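S.K.: What follows is each chain in one-letter form.
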Amino acid sequence: AQSVTQLDSHVSVSEGTPVLLRCNYSSSYSPSLFWYVQHPNKGLQLLLKYTSAATLVKGINGFEAEFKKSETSFHLTKPSAHMSDAAEYFCVVSDVGAAGNKLTFGGGTRVLVKP
Amino acid sequence: KAGVTQTPRYLIKTRGQQVTLSCSPISGHRSVSWYQQTPGQGLQFLFEYFSETQRNKGNFPGRFSGRQFSNSRSEMNVSTLELGDSALYLCASSLALGGGHNTQYFGPGTRLTVL
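Residue numbers (my numbering), protein chains in the order written: chain C, 1 to 115; chain F, 1001 to 1115.
Note that these hints are calculated values from the structure, not bench results. Hints may contain errors.
Stated by the list, open to error - DEER-style ranges, computed between Cβ atoms:
1) I1012(F) <-> K68(C): 42 to 48 Å
2) Y29(C) <-> Q1054(F): 19 to 25 Å
3) N1059(F) <-> S14(C): 37 to 43 Å
4) S14(C) <-> G1042(F): 23 to 29 Å
5) I1012(F) <-> N61(C): 30 to 36 Å
6) E66(C) <-> G1042(F): 22 to 28 Å
7) S1022(F) <-> P79(C): 40 to 46 Å
8) S1022(F) <-> G16(C): 40 to 46 Å
To be verified - Think about it this way: if two alpha-carbon atoms lie no more than 30 Å apart in a straight line, the pair counts; the simulated DSSO-like pairs of lysine-lysine are:
9) K1013(F) <-> K42(C)
10) K49(C) <-> K1057(F)
11) K1001(F) <-> K49(C)
12) K58(C) <-> K69(C)
13) K1001(F) <-> K42(C)
14) K42(C) <-> K1057(F)
15) K1057(F) <-> K69(C)
In this text the structure is predicted, and so the values were computed from the model without any measurement. No residue lacks a Cβ here, since even glycine has one placed at the ideal position from N, Cα and C.
Please construct the entire structure, taking both the sequences and the accompanying hints into account.
M.R.: So this is what it looks like as structure tokens:
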């Protein structure tokens, strides 16, 4: 069975400083991994995805994530936080080779950006 | 291309009633998945439909059901509503089945409140 653990439920950063959101996963197969962002009262927007190509994945809005198989981690980073980055972020795993598209979500990390 | 649309955006029902939610996928997408989001349980997979057939199901009671039409539009039905069914219901579409390589794109959700 697959699972995802987001190590921080809340992260607070100052505008212009780096952001690090930590994610560890467990999967029986070769996983596909995603980061989604959810702004208040909105749906989920895809930030980036890893599908066994390059281990460093670049996404939208300056975010990137590094897949580390040995550590079963997929941490999300951004060099400089912007006020618009305040939102909830979800790390997601999907089994490749499974019959369907079932996604397993982490518990989410709520990001607060201070001016 | 238009994104995933969900109607209605907000619903208020009373215990014991039933409700139907609708989802129109991105044009050309044939897979539709449904998720429930609550503060306590987070994001949980309900079911996935592809070519009018349920292909994958999460761990929810039989009161939760769905269907998909020939144009890929999907509906989700919840019968005999309980207070605990209050949640944001998210619909996601993707091009096809086949595991994690198929990115899921989410709609804005339907906020259901059960009184």
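S.K.: Give a verdict on every hint.
M.R.: Cross-check of the supplied hints:
1. I1012(F) <-> K68(C): 42 to 48 Å: The hinted range 42 to 48 Å holds for I1012(F) and K68(C), with Cβ atoms some 46 Å apart.
2. Y29(C) <-> Q1054(F): 19 to 25 Å: 22 Å, holds
3. N1059(F) <-> S14(C): 37 to 43 Å: Since N1059(F) and S14(C) have Cβ atoms about 41 Å apart, the given range 37 to 43 Å holds.
4. S14(C) <-> G1042(F): 23 to 29 Å: 28 Å, holds
5. I1012(F) <-> N61(C): 30 to 36 Å: For N61(C) against I1012(F), whose Cβ atoms are near 35 Å apart, the range 30 to 36 Å holds.
6. E66(C) <-> G1042(F): 22 to 28 Å: 24 Å, holds
7. S1022(F) <-> P79(C): 40 to 46 Å: 41 Å Cβ-Cβ, so the 40 to 46 Å window holds.
8. S1022(F) <-> G16(C): 40 to 46 Å: 43 Å, holds
9. K1013(F) <-> K42(C): 21 Å, holds
10. K49(C) <-> K1057(F): 23 Å, holds
11. K1001(F) <-> K49(C): 21 Å, holds
12. K58(C) <-> K69(C): Between K58(C) and K69(C) the Cα gap is close to 17 Å, so the pair holds against 30 Å.
13. K1001(F) <-> K42(C): It holds: about 19 Å lies between the C-alpha atoms, which stays within 30 Å.
14. K42(C) <-> K1057(F): 24 Å, holds
15. K1057(F) <-> K69(C): 28 Å, holds
Hint compliance for this structure: every hint is met.
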